[in-house]
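With chain A held as given, fit chain B onto it using these hints.
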Amino acid sequence: MHSQTPSLLQRAQTWINSSLFNTNRAGEYFEYLLEGVDPMWSALECKARIMEVRDETADTKTWVLQPVKNWGGFVAGQHIHITLSVNGVQSTRTFTISSSPYQWQQDGTITITVKRVPNGRVTGWMHDNLKTGAVVSISQAQGEFVLDKDVDAPVGYIAAGSGITPIMSQLRWMSANNMPVPANLLYFANTQKDFIFGSEIKALAQAARRFTGNLIASYDDSDSKHKLPQSPICAEHIQALLESKPEQIYLCGPHPFREIAKQLLAEAGYNLKQVREEAFGLPPIKVEAGAPVKVSFAASAVETTTDQPGTLLDMAEGAGLTPTAGCRMGICYTCKCKKTSGQVRNVITGELSSTEAEDIRICVSTPVSNVEIDI
Amino acid sequence: MTTATQPNVEQLTEEKVQFGGLNGRRRLTKEQYEGLQQEFDALRDEIRADLGQADVDYMKNIIRIQRYLEVAGRTLIHFSFTPVPFMLGVAALSVSKIMDNMEIGHNVMHGQFDWANDPKMHSKNFEWDTACDAGSWKRTHNFEHHTFTNIIGKDRDYGYAVLRLSDETPWTPMRSFQTVYFALLSIFFQWGVALHELESERLWDRSFDLEEKKPYLKGLFRKGAKQVFKDYIFFPALAGPFFWKVMLGNAMANLGRNLWASAIIFCGHFTEQAQAFSEEECENETKGEWYYRQLLGSSNLSGSKLLHVMSGHLSYQIEHHLFPDIPAHRYEEMGPKVEEICAKYGLQYNTGPFWHQYGTVLKRVWKYSFPTGSQKRS
Chain A
8 MHSQTPSLLQ
18 RAQTWINSSL
28 FNTNRAGEYF
38 EYLLEGVDPM
48 WSALECKARI
58 MEVRDETADT
68 KTWVLQPVKN
78 WGGFVAGQHI
88 HITLSVNGVQ
98 STRTFTISSS
108 PYQWQQDGTI
118 TITVKRVPNG
128 RVTGWMHDNL
138 KTGAVVSISQ
148 AQGEFVLDKD
158 VDAPVGYIAA
168 GSGITPIMSQ
178 LRWMSANNMP
188 VPANLLYFAN
198 TQKDFIFGSE
208 IKALAQAARR
218 FTGNLIASYD
228 DSDSKHKLPQ
238 SPICAEHIQA
248 LLESKPEQIY
258 LCGPHPFREI
268 AKQLLAEAGY
278 NLKQVREEAF
288 GLPPIKVEAG
298 APVKVSFAAS
308 AVETTTDQPG
318 TLLDMAEGAG
328 LTPTAGCRMG
338 ICYTCKCKKT
348 SGQVRNVITG
358 ELSSTEAEDI
368 RICVSTPVSN
378 VEIDI
Chain B
153 MTTATQPNVE
163 QLTEEKVQFG
173 GLNGRRRLTK
183 EQYEGLQQEF
193 DALRDEIRAD
203 LGQADVDYMK
213 NIIRIQRYLE
223 VAGRTLIHFS
233 FTPVPFMLGV
243 AALSVSKIMD
253 NMEIGHNVMH
263 GQFDWANDPK
273 MHSKNFEWDT
283 ACDAGSWKRT
293 HNFEHHTFTN
303 IIGKDRDYGY
313 AVLRLSDETP
323 WTPMRSFQTV
333 YFALLSIFFQ
343 WGVALHELES
353 ERLWDRSFDL
363 EEKKPYLKGL
373 FRKGAKQVFK
383 DYIFFPALAG
393 PFFWKVMLGN
403 AMANLGRNLW
413 ASAIIFCGHF
423 TEQAQAFSEE
433 ECENETKGEW
443 YYRQLLGSSN
453 LSGSKLLHVM
463 SGHLSYQIEH
473 HLFPDIPAHR
483 YEEMGPKVEE
493 ICAKYGLQYN
503 TGPFWHQYGT
513 VLKRVWKYSF
523 PTGSQKRS
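Chain order of the listed sequences is A and B.
Taking the working numbering, the leading residue of the first sequence gets 8, the next gets one more, and so forth.
Taking the working numbering, the leading residue of the second sequence gets 153, the next gets one more, and so forth.
Extracted from the complex, chain A is given alone in its bound form (with noise of 0.2 Å):
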């Protein structure tokens, strides 16, 4: 993935694979035979089976996924890669395990759990047609938002919607440790309904003394459209959380919900540093007034011209184009390409690229000059 000398030896062997196999990598070849065979069996990736699918909320379901036995294992907290066929479209996204540790050791599976984002095409083809019995390929699990080591002071969890997911995860593997150290909880969702996990934050605080949980719902169930006098999160939610002295505070949620937490947590005095997030998607893409930019998407002989751009890969969609995409957030690489002349800015850090050509992941750029792409 990254640019390293490969080795004589290296160089051998890649030349003799695309030699017999017209691939690098010789598993290529035989990938569709061995999906043919058994859709568990890869040369190239893990697969995993699903094995159950179970609702939470209204629009919100867990599915319950047994990857092959090679598969690495995660920490409470981490996420994966999923990919799977939606109508032949072969879609990767990022999605965060729900379950404990502890539940992969003991009988092989893990779950994961998914909110139908309106409009979402993977969302909304899992929620209407991932069954059990089907196959999804995952990456080995990843992310820092994990409990230290060896942990040994409270932490403070604050989560809104679906953010509770890895929270769970690590919330269950703790529970299963005979909670190593106090924790406490505020978890934010639109009305009683919506809380994923509900009963279970509620059975687990009854239970264990060193828990505490705080679901705050923003309206009414009785009638959606009302809103309770307070906003979503306040200073009392946070003053409530630090004085139980957490030494770390997990944040998952919504981008403008984060932005929101962070900035009460620093009014009342606590260290960001301490806080630890989980981002998923891209943060709204800033637009830098300025003159139009032309894309050239040189391999296919098409431009295109916009005083708005948005990422790279959303411009060549846009324009009718099918290049190869996998995370869409700057992780996975598949969507690497050559950008021959003009500069890009990262959508995520706001790094600018150099004006030379270069390979970039077009998922988290968008043009800040000209740009010439072989796409």
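It is worth saying that the hints were derived from the structure and are not from the lab.
Not one of these hints is a red herring.
Among chain B residues calculated to face chain A with C-beta under 8 Å, some are:
1. Arg216
2. His274
3. Glu279
The structure presented is a predicted model; accordingly, all values stated were derived computationally and were not measured.
Each residue gets a CB set at the ideal place from its N, CA and C atoms; glycine is no exception.
What follows is chain B alone, placed relative to chain A:
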């Protein structure tokens, strides 16, 4: 359609379309070209919107069959000690190469499955079992040939620079032997395709620029060496004392593929009724006129499902040229609709059985090896 776009259908006489002469071609009005474009665009959008899991599954299955055949073919060639299993092995390997080149490689490299976002069937990554490397093919075929289809002087696939196929190409004495070139091109077709981008014909008018061709030549040698290594060194060497047997088997499999692929491809544009175009008449061409040229410059083969699959659905050459990025196995259902649109505009939908079409190709190659048109001596 409104009555305004209804063409005044007149009978196409045999003479008018004979051997694709530039004159006497049936022309449409501006409105008709627009109507033609709308109808073809609508047909394309309809199929495009319907693409899904079944199309991906189809291609995966084809790839599986091809790989099973290749493994079976190489195994049989390796272990056979009598002619029958040996020939079965040759046949299996040859069919595997044909499927890899035509139903899989050609179609995948057109980007017909790019929408599926599967790196293993994406045009960016796919490499095939033939001497021509994928990059060179995409430049010469996808771009040159599909953009400038049958424009004499711009579409270098038209006659592959060695065949004279219409009056517009001047006759020279070298053309007298073009039936021999045709036979050689058919036998060594994979190398002919690989050498296509070299534009060796430019040696004659001294416009050939070696420096400019260097990146291409590098790719050519790299890919050619791999193919030679695979079929003529690696697998024969695996057989030890039976080196020559395996080499012969592989050469026969390649020959089978070459003859079949060239025959199919020649039938696509060199048949009696496939028309040629001049650069002037294609200047400032609209999309409707582009469709018109693709339509009249291509010819189909009628036949069984097996013929269609084994030709990579190039038996639907017309549909392929109208909709090059629609998965080819969908051309079969598009065919009758295209034919209907053609009938409506009084345009020829050129089709016929394989042997008939191939016969007209041979006839055309033979005919134009002699002076014709203005060069004909009276």
